[in-house]
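Top to bottom, those sequences are chains V and B.
At position 175 of the first sequence the residue is numbered 175 (my numbering), and the sequence of numbers has no breaks.
One gets my numbering by counting positions in the second sequence from 1 and adding 534 to each.
The hints are simulated quantities; they were obtained by calculation from the structure and are not laboratory data.
Being a predicted model, the structure only gives us computed values, none of them experimental.
One should not assume that every hint holds.
Stated by the list, open to error - Quick list of simulated restraints, FRET-style, between CB atoms:
no. : chain 1 : residue 1 : chain 2 : residue 2 : range
1   : V       : Y520      : B       : G795      : 43 to 53 Å
2   : B       : P593      : V       : T375      : 54 to 64 Å
3   : V       : S142      : B       : P950      : 32 to 42 Å
Here a beta-carbon is modelled for each residue, glycine too, at the ideal position from N, C-alpha and C.
There are 2 protein chains.
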Amino acid sequence: MRDRVSITELTPLLFLERSADVFGDKPAIRYKDGSITYAEMKAHVNRLGRALQAAGVRPGDRVAYLMPNLPEMLIGHFGVPLVHAILVAINTRLSGTEIAYILDHSGASILFVDSALFPTVEPHLGDRPNLERVIVVPDPHSGAPEVAGHTPYEEFLAAGTDEPLPFRVDDEERIISINYTSGTTGRPKGVMYTHRGAHLNALAELLHSRHTPDSVYLWTLPMFHCNGWCTTWGLPAIGGTSVCLRAVDPGEIWRLIGSEGVTHLNAAPTVLISMVNDSGAAPFGRDFVVTTAGAPPSPTIIAQMAELGAETVHVYGLTETYGPYTVCEVRTEWSDKPDPERFGLIARQGVAYIGADPIRVVDQQMNDVPRDGATMGEVVMKGNNVMAGYYDDADATERAFSGGWFHSGDLGVWHPDGYIELRDRAKDIIISGGENISTIEVEQAVVSHPDVLEAAVVSMPHEKWGERPKAFVTVKSGSTVTPDDIVEHVRDLLARFKVPDTVEIVPELPKTSTGKIQKYVLRERLWSGDRRIN
Amino acid sequence: MRDRVSITELTPLLFLERSADVFGDKPAIRYKDGSITYAEMKAHVNRLGRALQAAGVRPGDRVAYLMPNLPEMLIGHFGVPLVHAILVAINTRLSGTEIAYILDHSGASILFVDSALFPTVEPHLGDRPNLERVIVVPDPHSGAPEVAGHTPYEEFLAAGTDEPLPFRVDDEERIISINYTSGTTGRPKGVMYTHRGAHLNALAELLHSRHTPDSVYLWTLPMFHCNGWCTTWGLPAIGGTSVCLRAVDPGEIWRLIGSEGVTHLNAAPTVLISMVNDSGAAPFGRDFVVTTAGAPPSPTIIAQMAELGAETVHVYGLTETYGPYTVCEVRTEWSDKPDPERFGLIARQGVAYIGADPIRVVDQQMNDVPRDGATMGEVVMKGNNVMAGYYDDADATERAFSGGWFHSGDLGVWHPDGYIELRDRAKDIIISGGENISTIEVEQAVVSHPDVLEAAVVSMPHEKWGERPKAFVTVKSGSTVTPDDIVEHVRDLLARFKVPDTVEIVPELPKTSTGKIQKYVLRERLWSGDRRIN
Chain V
1 MRDRVSITEL TPLLFLERSA DVFGDKPAIR YKDGSITYAE MKAHVNRLGR ALQAAGVRPG
61 DRVAYLMPNL PEMLIGHFGV PLVHAILVAI NTRLSGTEIA YILDHSGASI LFVDSALFPT
121 VEPHLGDRPN LERVIVVPDP HSGAPEVAGH TPYEEFLAAG TDEPLPFRVD DEERIISINY
181 TSGTTGRPKG VMYTHRGAHL NALAELLHSR HTPDSVYLWT LPMFHCNGWC TTWGLPAIGG
241 TSVCLRAVDP GEIWRLIGSE GVTHLNAAPT VLISMVNDSG AAPFGRDFVV TTAGAPPSPT
301 IIAQMAELGA ETVHVYGLTE TYGPYTVCEV RTEWSDKPDP ERFGLIARQG VAYIGADPIR
361 VVDQQMNDVP RDGATMGEVV MKGNNVMAGY YDDADATERA FSGGWFHSGD LGVWHPDGYI
421 ELRDRAKDII ISGGENISTI EVEQAVVSHP DVLEAAVVSM PHEKWGERPK AFVTVKSGST
481 VTPDDIVEHV RDLLARFKVP DTVEIVPELP KTSTGKIQKY VLRERLWSGD RRIN
Chain B
535 MRDRVSITEL TPLLFLERSA DVFGDKPAIR YKDGSITYAE MKAHVNRLGR ALQAAGVRPG
595 DRVAYLMPNL PEMLIGHFGV PLVHAILVAI NTRLSGTEIA YILDHSGASI LFVDSALFPT
655 VEPHLGDRPN LERVIVVPDP HSGAPEVAGH TPYEEFLAAG TDEPLPFRVD DEERIISINY
715 TSGTTGRPKG VMYTHRGAHL NALAELLHSR HTPDSVYLWT LPMFHCNGWC TTWGLPAIGG
775 TSVCLRAVDP GEIWRLIGSE GVTHLNAAPT VLISMVNDSG AAPFGRDFVV TTAGAPPSPT
835 IIAQMAELGA ETVHVYGLTE TYGPYTVCEV RTEWSDKPDP ERFGLIARQG VAYIGADPIR
895 VVDQQMNDVP RDGATMGEVV MKGNNVMAGY YDDADATERA FSGGWFHSGD LGVWHPDGYI
955 ELRDRAKDII ISGGENISTI EVEQAVVSHP DVLEAAVVSM PHEKWGERPK AFVTVKSGST
1015 VTPDDIVEHV RDLLARFKVP DTVEIVPELP KTSTGKIQKY VLRERLWSGD RRIN
C-alpha cells in the first residue's frame, strides 16, 4: 500500500463511502415495497463484512453468490470486497453440476444462495471440498418455502458487528471478483477483475450512459453478468437509485418504469425486443437511456426504442473486458442521414471507452487490417478495461493474452471512420465455397423484414460449398409470412451467395440467461453426425 | 512501467489519442474564425512533441508557457507531456519579476510566450540561468507587433517531424505539470500534478459538470489556473469542442455563447456577476451549466443564473487539489424549500468529488470537529486529487502534509448533512473581542442587498475589540444606496457583533487574474503602520 497523502488505491469501496456521506438519506436500493437509504446500505455492507470476518473469511478468500438481482446481491458487491475477499457471482441459469464446478474451481468457502434457487444446488452441497458454509437468503416475493439445515442470512449477519471497517484496499490491483464465462464449449473460465479496473470501468459506464445523481436504474441486466457491467459499483458512485428485479418480465418492466420513475436500464437486444412487443409498451415520457449489448441491436429495435423516446447507447464487450469495452458514439452529423443508413451506423460496435486503450482489428500476424469496412480480422483489446487473467489457469491466460493483447475471439471489420463492426464470433462465421459469410450481416437483413421478430443464422453442411447459411426466425404473432417471403426480402439486400438457402420459422430461439441466442444449439441440430469441431 | 495486458498507466494523453480516433473530423478547438479538428489537434501535438525533442527537451525537463487561452496553449497541455516533460503554465497577470522567479525556480529550459505578453518578460530574459530558448507565439487578433530576435512558433514546429510518438507514459505518477500558487504572501510555490491525478480529476470534472460529447465549452477560466481545473484534459476526453477566448469580457462572452452554441463554462463568481450585469445578458435557450469556484457564489448570483436558465454547479478547491475537490451536490428535496434557504444550501462548498477521499474539517489536534454547522475547523484533504507535493521545496511539502493530510488553510464548518461550508481563509478570519467572525458570512449578508454588486469584508484595527469588520462594496450603476442603508440591511440578518462598523462604497475591488478579491490589499490599507502579521 502506497501510504502517501497524494495516492489512494482505486477501489469501488470509495464510491459507497462517498454516497453514504453525501446521499445518506436517499434511497439507494428499492425492491417491491421496500427501500434502503445509502446510509443503511453502507451499514449493511459493513455488518456483512464483519460477519464474513467472524466466519473466518480472510483477504483473498472466495465468497460465492447465487442470487437474482435482489438488494442482498448488490450489498454483496461491496461487503465481500470490503474485507478484501473475492466475489464470485454465479449465473443463476446454470445447472447444479455447473454451479458445483464453479464452487470447486473458485474454492469458495461460503455460498450465499437465494431460497428459490436453493433446490438447484441442494443435491450438490454434500461433497464440495472447500465449501464451509451455505447462507440462505430468503425473498418473501419468490414464493419459495423456507430452507432448513443452513444458516439464514439474518443469523449470519447477527454474528457480525457494527464496528466500522475502512472502505479502502491495500492494493488497487487486488482481485475484487471472479466471473465465470458461460463458455459454450469447454469448462467455464474464471475471469479476474481488479479493484482498479472495476473503479475505472464504473466511471466510464457513468459517462457513456450519461448517468447523473438523479438516475433511477432498473436492474434488467443480471448482476452476475460482469457484475452488471460494473454498474453494481457505478450507480452507487453517482448516487443514483437501484430498482431491483427478480426476473426479466416485460410487463413488470413497464410497470416499474412507470411507478418508480426509471431513467436508465441496460439490457440485451432480445430484452428490448420483448419490451417493445409487450402490450404495456408506452412512451417513456422522460429522458431515458437504454444501454444495450450482448448482440448487435438491429436497426429495427433502435428505431422502435427511439419512437418511444429512449436514446439507445450501443456498447460491446466480453466478460474478459469488465463488460463493455466499446461504445458506438453517435456523431451529430449522422442525424442528417436517412433512417436506414443512420441506424446502420449506430448498430456498429464503435470505438473504445473513455480511458480504455484503442481497440484494434488484426490479422493473424497481429497487424492492423485495413480500415476499409470489408477486411475481416480479430478484435483485440488491452489496458485497464481488460481482466487480470483467468483464475488458476495460466495456460488459458497466456493463450488469451498472446502477443500482448487480449484476443476476443470476435471477428469484425474496421471502418474508415475508426469504428469497428462485428461480423461474427470466430466460431460462428460461415465459410461457403471459400467465401466468408458474416452471420450477423445476414441476420440484420432478415430482421429488417417487418414481420420478423428475431433471427439466428448458422451454417449448415453442404456437399458442394462446404457450408451454406440457414436462418431460424421467430415472427410476430398473427403474421402469415412464409419462408419464401423472407428469402425474397433478403435477396434485395444481400449478395446472392449470402442469401440463406433455407429459412425456418420456429416458435422460439434458444437463449442464454443474458438473452444471447445460443447459435451452437441450432448448429448442433444441423451438424449432428458431422465431424465439425467448434 | 508495468508492461501488462491489463494495465495501462493513467494519463490524459490517452484521452486525445481516443478523440482523434473517434472524433477525428470534429472541431476540437475554435478561436475567432479558425477551427481545428481532433485529428489536426493530435497531429499538431505530435509535431510539437517532436520539435521539443529536436530542441533537446528530455523527460522531466520543464517547459514554460505564458499565454492567454489560445489554441496553442491547449496544444501545449498535451505536447509537453507527450515527451514526458513538465508543463509550467504561468499566470499571465504576473509582473516580469514574478515570472522570472518562476522561470528560475522551475528551471524551465524553454518558454513559449504570446507576442502580446512578450514585452512583460523581455527585460528579464537576459540573465535567466536555465532558459535556453524563447518561442514567440503570434496571435493576429492581439494587435501586438511582431517580435524579432526569438524563434517564431512556426519555425520551432518546423524543426519537428510527423513521426508518431506513443500517447503513453512510462509511469502514471510522473509529473505532468507544475502550477505556481499566486501566494499573496511569500514566494509562489510550485504545485506538482501527476499524470494519474490529472486523468482521474479530468473524469470527475466531466461527471460533475455533466459534460457530453456535445459539450461546447467556453474558455472563461484561465488554462494557467490549475490547468483549467484539468478541463484542458477533460474536454478532449469527452470529445467536446473548446472555444478559446483571449480575455474575459462579458460582451464577448455573450456574443460567443450565441454564435458558438456554448453549453458550458467555468468561472469565478465575479465573472458571473459581470455577465448578468452586462447589457448582452439573455436567456441561454439551451441546457447550460456554469461551474463556479474561487469564492462562494452568493445566493443572489445563483438565482440570477437560474433565471437565465443555467444550472450552477458550485465547486471548491485549491491549486494543490488540481482545482476543485468538492462539489455542492444539489439534493432533489431542496427544490421544495423557499428560495433563500435553497440558495443558501447551494452556496455551501459541499462534499468530496467522485473518486476523491472524503473531505474533513478538523481541529488543531486533527480530530473531526462536530457536524453542527457552527464549530469552525481547518479543511483537510487527501488522495488522488491532492498534489504530489511542492516542486523543490521539501519543507513546505512536509508542512502542508503534516499529519498525513493536506492542509488547505481554509476554515469552515461541517453541517449535519455532511456538507462543508467555508467560513474563511485562515488569514482572513476576524477575531473581535475573542469571537470569530467569518468574513464570508458577513459578505453574503451585504451582497443580499439588491443594490450591491460585490463586497469584501476585512478586519480593521480596533482599540477595544482588537479587530472589527469593515466592508468594501461596489454598487450597481445608478444606485443611490448609502453605507448606512447597507448597515441597516445587514443588521436584520446578522448577530450584532458581526455587523460591519463601517461600509465603504468603492468604484472597484482589487482582484487576482482569476477574479478572486485580494483582501490582503484592502487589509494593508487599513493596517499600514500596524504590526499584524498575515
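We went through each hint and held it up to the structure:
1. Separation of V:Y520 from B:G795 is about 50 Å and conforms to the stated range, judged on CB atoms against 43 to 53 Å.
2. Checked against the hint of 54 to 64 Å, the C-beta distance between B:P593 and V:T375 comes to roughly 38 Å, which is inconsistent with it.
3. For the pair V:S142 and B:P950, the supplied restraint of 32 to 42 Å holds, since their beta-carbon distance comes to about 39 Å.
The structure is inconsistent with hint 2 alone, although it conforms to all the rest.
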